[in-house]
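> All chains should be modelled from the sequences, with the hints used to inform the complete structure.
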Amino acid sequence: MQDRQPTGTGEQAAPARSDDRWNNKYPHLGTAPIPIEPYISREYFALERERIFRHVWLNVGRIEDIPHPGDYVVVALPVCRTSVVVVRGKDGQLHAFHNMCSHRGNKVVWNQNGSCQHFTCTFHGWSYGLDGGLRFVPDEARFCNLKKDKLGLTPVAVDTWAGFIFIHLDPNPTETLRAYLAEVVPGLEGYPFSELSTTCFCWRAEIKANWKVAQDAFQEGYHLPVRHKASAADAFTSETNPHCHFLSLDLYERHRRTSSYGNLNYQPTPVAGKAYQFGSSVVVDRDIALDNLPAGINPTRRSDWSIDTFWIFPNFSIFPSNGTYLTHHFWPMSEERTIWETHTYFPKAENAGQKFSQEYSKVLLRDILMEDGPTLEHMQDVLASGAKTHMPLQHQEICVRHAYSVVEDYVGFYAGR
Amino acid sequence: MAESGLPVAFSALQPLLGWALATEAERTHKRQTSEMADIQAFYTAMLAHLEDILVYLNQFPLEHMPPHAQQLMDMTLSLAEIAPAVELFGQPREGDTFDPFRFIPHHQ
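If you read the sequences in order, they're chains A and B.
Per the numbering used here, residue 6 is the first one in the first sequence, and the count goes up by one each step.
Per the numbering used here, residue 5 is the first one in the second sequence, and the count goes up by one each step.
Rather than coming from a laboratory, the hints here were simulated on the basis of the structure.
Mixed in with the good hints, there may be bad ones.
[Unchecked claim] The following label-pair restraints were derived from C-beta to C-beta distances:
id, chain 1, residue 1, chain 2, residue 2, range
1, B, 22, A, 157, 51 to 57 Å
2, B, 94, A, 60, 46 to 52 Å
3, B, 26, A, 396, 42 to 48 Å
4, B, 26, A, 112, 29 to 35 Å
5, B, 95, A, 143, 58 to 64 Å
6, A, 150, B, 26, 54 to 60 Å
7, B, 44, A, 355, 30 to 36 Å
8, B, 19, A, 47, 54 to 60 Å
9, B, 99, A, 60, 40 to 46 Å
10, B, 67, A, 141, 36 to 42 Å
From a predicted model like this one, the values you see are computed outputs, not experimental measurements.
Backbone N, C-alpha and C define an ideal beta-carbon position, used for all residues, glycine too.
Take a look at the structure:
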């Protein structure tokens with residue numbers, strides 16, 4: 006596998022093609038430096054809170070997280086100053102509610118996940134069905150004109166696509182989930198999410214960085230040969246693509262997708278080699294990618310491909326690869342605090358060799374991600390100094406430019422200024 | 005932890021049973037608090053037997069391994085844990101990296 010030549014669009018190994026000056030493909034985004042203010046301003050964050058997160062579909066997990074009636078997860082949404090309970094009802098359907106008792110506002114569910122027949126508030130014992138309806142009030146006769154049928158948990162819209170659960174804080178959103186995702190659906194259609202979602206590893210970290218500072222770091226490969234010099238540069242760059250240029254990318258109205266390069270001449274380390282031999286590996290195994298992946302993944306059909314990324318506005322991303330995928334969520338807490346969640350998914354390991362292979366893959370992923378952590382916090386510290394007002398971006402960082410533009414379209418901070 | 009010992013074929017690894025740890029959090033802690041010389045010694049010993057170990061372990065159902073095999077399984081997972089330290093970083097963690105204890109696993 007190490008001596009194969011790239012195939013696909015015809016060139017030798019060079020993805021640095023004439024059309025990778027991405028700014029030329031999207032002239033409406035301009036080429037000017039972008040402002041730093043959105044990354045540090047409390048006022049900007051307040052507008053994001055009001056104008057974005059309450060008005061879009063937000064991914065909160067997968068259906069495998071709550072397979073049986075009564076299974077629930079609680080999703081903290083500090084940016085919307087709420088938490089949401091997503092539960093599978095007795096009818097098998099998903100329901101979602103603000104995690105707030107209708108009586109005096111206590112949290113109804115205190116666990117992060119679990120399974121139950123009904124939700125009972127631990128303050129005064131009000132009890133709700135899995136459909137959110139108020140079922141029981143202790144000492145009910147002492148309330149005057151209590152309208153129990155109007156006092157269910159406050160609903161939140163919930164829907165799924167390809168097994169991903171999304172919520173919308175407007176219980177009757179004007180845009181369906183399908184319409185919201187329409188731009189990325191053709192790219193992801195047919196990817197075997199269900200088959201690959203039987204094993205999930207998740208890490209979570211609270212970081213001192215704006216959610217866009219954090220998310221932007223994963224939207225470009227330009228930093229990879231420098232920041233990840235020891236851990237990932239050999240696998241994702243080469244002499245012909247030293248700066249990790251994308252193989253392709255498409256920017257949509259709100260979302261975007263990219264396709265990333267992989268070095269066919271990468272020589273696996275001894276343990277990586279064994280992991281590949283007994284299982285599979287993102288950094289080594291690309292042989293079956295072209296034949297088995299749906300057309301929307303690796304759309305240029307190059308063999309020197311590693312992974313695609315779909316950025317779903319505002320804070321969710323899916324990285325489908327060959328036989329495994331991962332996701333990131335960046336949950337804003339304040340203008341300088343973010344919860345960063347990464348999930349990585351594999352098919353069920355059938356034996357020890359596959360389990361070892363998956364363990365190596367996820368440890369390597371984790372170690373690569375941990376190299377990003379300090380950069381995010383250092384940047385936030387320094388951006389807030391005010392020493393500079395703008396940052397220049399190159400063609401390969403156009404996703405950062407696009408992300409800024411989409412957020413600003415919602416927020417309108419600079420409109421009319 | 006080491007009550008039942010390792011399978012006879014791998015008894016040479018017996019002194020390394022301290023690496024038979026069941027969760028990622030435990031394995032990470034061991035990696036991050038060990039001397040590099042000890043990590044390297046574990047790596048070298050395990051890698052020499054890795055293929056034989058995996059062939060041996062593959063005969064058992066993953067969810068119902070006998071205790072001696074489970075310990076060996078957990079040691080191979082520790083090998084996966086420390087492999088980047090040896091093969092990529094030359095130290096338990098890259099110098100300017102995130103505090104590993106802040107990146108919290110929500111799995112075993």
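> Hint by hint, note whether the structure agrees.
Here's how the hints hold up against the structure:
{"no.": "1", "hint": "B/22 <-> A/157: 51 to 57 Å", "in the structure": "holds, 54 Å"}
{"no.": "2", "hint": "B/94 <-> A/60: 46 to 52 Å", "in the structure": "holds, 49 Å"}
{"no.": "3", "hint": "B/26 <-> A/396: 42 to 48 Å", "in the structure": "holds, 45 Å"}
{"no.": "4", "hint": "B/26 <-> A/112: 29 to 35 Å", "in the structure": "holds, 32 Å"}
{"no.": "5", "hint": "B/95 <-> A/143: 58 to 64 Å", "in the structure": "holds, 60 Å"}
{"no.": "6", "hint": "A/150 <-> B/26: 54 to 60 Å", "in the structure": "holds, 57 Å"}
{"no.": "7", "hint": "B/44 <-> A/355: 30 to 36 Å", "in the structure": "holds, 32 Å"}
{"no.": "8", "hint": "B/19 <-> A/47: 54 to 60 Å", "in the structure": "holds, 57 Å"}
{"no.": "9", "hint": "B/99 <-> A/60: 40 to 46 Å", "in the structure": "holds, 43 Å"}
{"no.": "10", "hint": "B/67 <-> A/141: 36 to 42 Å", "in the structure": "holds, 40 Å"}
Checked against the numbered hints given earlier, the structure satisfies every one of them.
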